[in-house]
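In order, the protein sequences belong to chains A and B. For the first sequence, the numbering used here gives the first residue as 87, with consecutive numbering after it. For the second sequence, the numbering used here gives the first residue as 626, with consecutive numbering after it.
Just so you know, the hints here were simulated from the structure itself, not pulled from any lab data. Beta carbons: idealized from backbone N, C-alpha and C, even for Gly. There could be a bad hint or two in this list.
Partial pick of chain A residues on the chain B-facing surface, computed with a CB cut under 8 Å [what the hints assert, rightly or not]:
1) Asp136
2) Asp137
3) Leu186
4) Val187
5) Asn190
6) Asp193
7) Asn197
8) Phe199
9) Ile230
The calculated label-pair distances, taken between Cβ atoms and stated as ranges, are [said to hold, decoys possible]:
10) Ser176(A) x Ser659(B): 41 to 49 Å
11) Asp814(B) x Pro185(A): 39 to 47 Å
12) Ala698(B) x Ser139(A): 31 to 39 Å
13) Asp122(A) x Thr679(B): 55 to 63 Å
Looking from chain B toward chain A, a few residues come up when the C-beta cut is under 10 Å (computed) [unchecked claim]:
14) Glu663
15) Asp667
16) Glu717
17) Ala722
18) Leu724
19) Asn746
20) Gln768
21) Pro772
22) Lys773
23) Thr836
24) Asn846
25) Asp857
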Amino acid sequence: MKGEPLTRALRQTLLLLVVAGAGEASAHTQDGSLGDAPESTDYYQVTCSDDGSGPPASLVAQVQNRGPAAASTVSVVVHRGIAATSTSDSTGGDISVSPLVYVNGGDGVYNVFVSKAGGGALNYTLTYHCMTGANGGGLHTGTIIVFRQNQ
Amino acid sequence: MDTVKSRMHWAVAALAAGMTLAAGSAGAHTTILSQATESVTDDNALKIGHGCTTTDGSRIPVVAESVVFPTSAPTIATSDGSLVTDLSQVIEQGTFAGLARAIQNRSVFRSQQVKADTLGNSIGFSGTQGALNIDTPGRIPFQFTSPKFVATSCAKRVLVQIAIADVCIFGSGVTDSVKAGKVNLWIPDNGSQYAVLGKAQNIDGIGAPATLTINRNVTANPLPASCGAGIDVTITPSAADITANLPIPGVWP
Chain A
87 MKGEPLTRAL
97 RQTLLLLVVA
107 GAGEASAHTQ
117 DGSLGDAPES
127 TDYYQVTCSD
137 DGSGPPASLV
147 AQVQNRGPAA
157 ASTVSVVVHR
167 GIAATSTSDS
177 TGGDISVSPL
187 VYVNGGDGVY
197 NVFVSKAGGG
207 ALNYTLTYHC
217 MTGANGGGLH
227 TGTIIVFRQN
237 Q
Chain B
626 MDTVKSRMHW
636 AVAALAAGMT
646 LAAGSAGAHT
656 TILSQATESV
666 TDDNALKIGH
676 GCTTTDGSRI
686 PVVAESVVFP
696 TSAPTIATSD
706 GSLVTDLSQV
716 IEQGTFAGLA
726 RAIQNRSVFR
736 SQQVKADTLG
746 NSIGFSGTQG
756 ALNIDTPGRI
766 PFQFTSPKFV
776 ATSCAKRVLV
786 QIAIADVCIF
796 GSGVTDSVKA
806 GKVNLWIPDN
816 GSQYAVLGKA
826 QNIDGIGAPA
836 TLTINRNVTA
846 NPLPASCGAG
856 IDVTITPSAA
866 DITANLPIPG
876 VWP
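Taking the hints into account, I'd like the entire structure generated from these sequences.
Right under this line is the structure:
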């Protein structure tokens, strides 16, 4: 019986940790939408910095096409300096996501463009994380996003 | 002789006390707790030194605060007089939008609000429903992501001037709100409606904005050899930016 309050406290602590962890993860996803025009492009700047976890070495990114189901392919292009990469999710409205890609650009600003292959509005979720290691490795470090263009 | 010496002693003591008070007042501006380093995200804070003082000498606590970072067509000045026409010549971000974020805290203000531009990026913040004890300084925490200096820039430091209104008594309308004893305005003297009205009312802080110093990491991002010791670049919020964004919607002024 004496152990029960401790068990309850432990459960509450674990729940808090799970909630805190979920909050941290969702802080680096960006829900957005692209308008009807085929050329619609959302433009973000992601700044990678040292938040105490270490200097950044790379930015990883991924995009999910959240539909509608008939939506065209959504793509994200990540660019810094003379390096760039892209990844796409062709199926709208399901749980699949694009492959994770990275750019090894160190600290500073990464330009991130989200666009689509054809007409019709769609919703997407962009995931982005600055990491201390090359190729998306190491620890998560300072990551902020700024909207520069919303179409 | 004793009387003369005594009078001189009191005169010197009074002068010293006056100088101490003056120094204390000068050091009690609303300022920034810490300097920042390029490409580092860290917690910082605004330091509120004092509340308002009415014309009859009464001291009033700060009950609300508005904070605006320079993001809309800021003025750019350099220590050597060289011309910088765009912030993207100095920092990779090209803007301070999104770099400063209020940290949730109820030490002084029970309610917090975020100021955002039309794209939703943070450009400042405000606190309301507060009461800063008139005998204690206040700290308003915020998180700041220091920008990356452009490698070819000669900037060794970027000095970010931040417009701040420490509100003590709410007025009805701008003219009635910007009066001595009702608000302290730590803003540049550059023609915003608050600077114009505040200067006429002898409001504390006009021409003395809080300044966040960002130091270049010269180890990781050395100055070009042609830059010598480097320069300071001062970023000041425009008059239009202050006029548009210093108000706390629905609260002040």
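Report task. Identify whether the interface hint at alanine 722(B) stands, where standing means a beta carbon of chain A within less than 10 Å of its own. Result -> holds (6 Å)
Given a hint of 55 to 63 Å, does the C-beta separation of aspartate 122(A) and threonine 679(B) actually sit inside it? Once the Cβ atoms are compared, 58 Å apart, the range 55 to 63 Å for threonine 679(B) and aspartate 122(A) holds.
- Item | Closest C-beta approach of aspartate 136(A) to chain B relative to 8 Å, hint status | holds (5 Å)
query: Does the nearest C-beta of chain A fall within a distance shorter than 10 Å of the C-beta of aspartate 667(B)?
result: holds (7 Å)
- [ ] Would you check whether asparagine 746(B) satisfies its interface hint, that is, whether its CB is within less than 10 Å of any CB in chain A?
- [x] This hint holds: asparagine 746(B) lies near chain A, its Cβ roughly 5 Å from the closest one there, short of 10 Å.
Restraint: glutamate 717(B) near chain A, CB-CB cut 10 Å. Satisfied or not? Glutamate 717(B) check passes; min Cβ-Cβ to chain A is 4 Å, inside 10 Å.
Exercise. Once the shortest beta carbon distance from leucine 186(A) to chain B is found, is it less than 8 Å?
Worked result: Violated, about 23 Å.
Return the status of the interface hint for asparagine 190(A): holds when the least beta-carbon distance to chain B is below 8 Å, violated otherwise. Because about 16 Å separates asparagine 190(A) from the closest Cβ in chain B, which is outside the 8 Å limit, the hint is violated.
Interface hint status, lysine 773(B) versus chain A (Cβ within 10 Å): holds (4 Å)
**Prompt:** Is the shortest C-beta separation between phenylalanine 199(A) and chain B less than 8 Å?
**Reply:** violated (15 Å)
- Task: For the hint on proline 772(B), just tell me whether its beta-carbon gets within less than 10 Å of chain A.
- Result: holds (7 Å)
Does the CB of leucine 724(B) sit less than 10 Å away from some CB of chain A? This hint holds: leucine 724(B) lies near chain A, its Cβ roughly 7 Å from the closest one there, short of 10 Å.
In this structure, the hints that do not hold are numbers 3, 4, 5, 7, 8, 11, 23, 25, in rising order.
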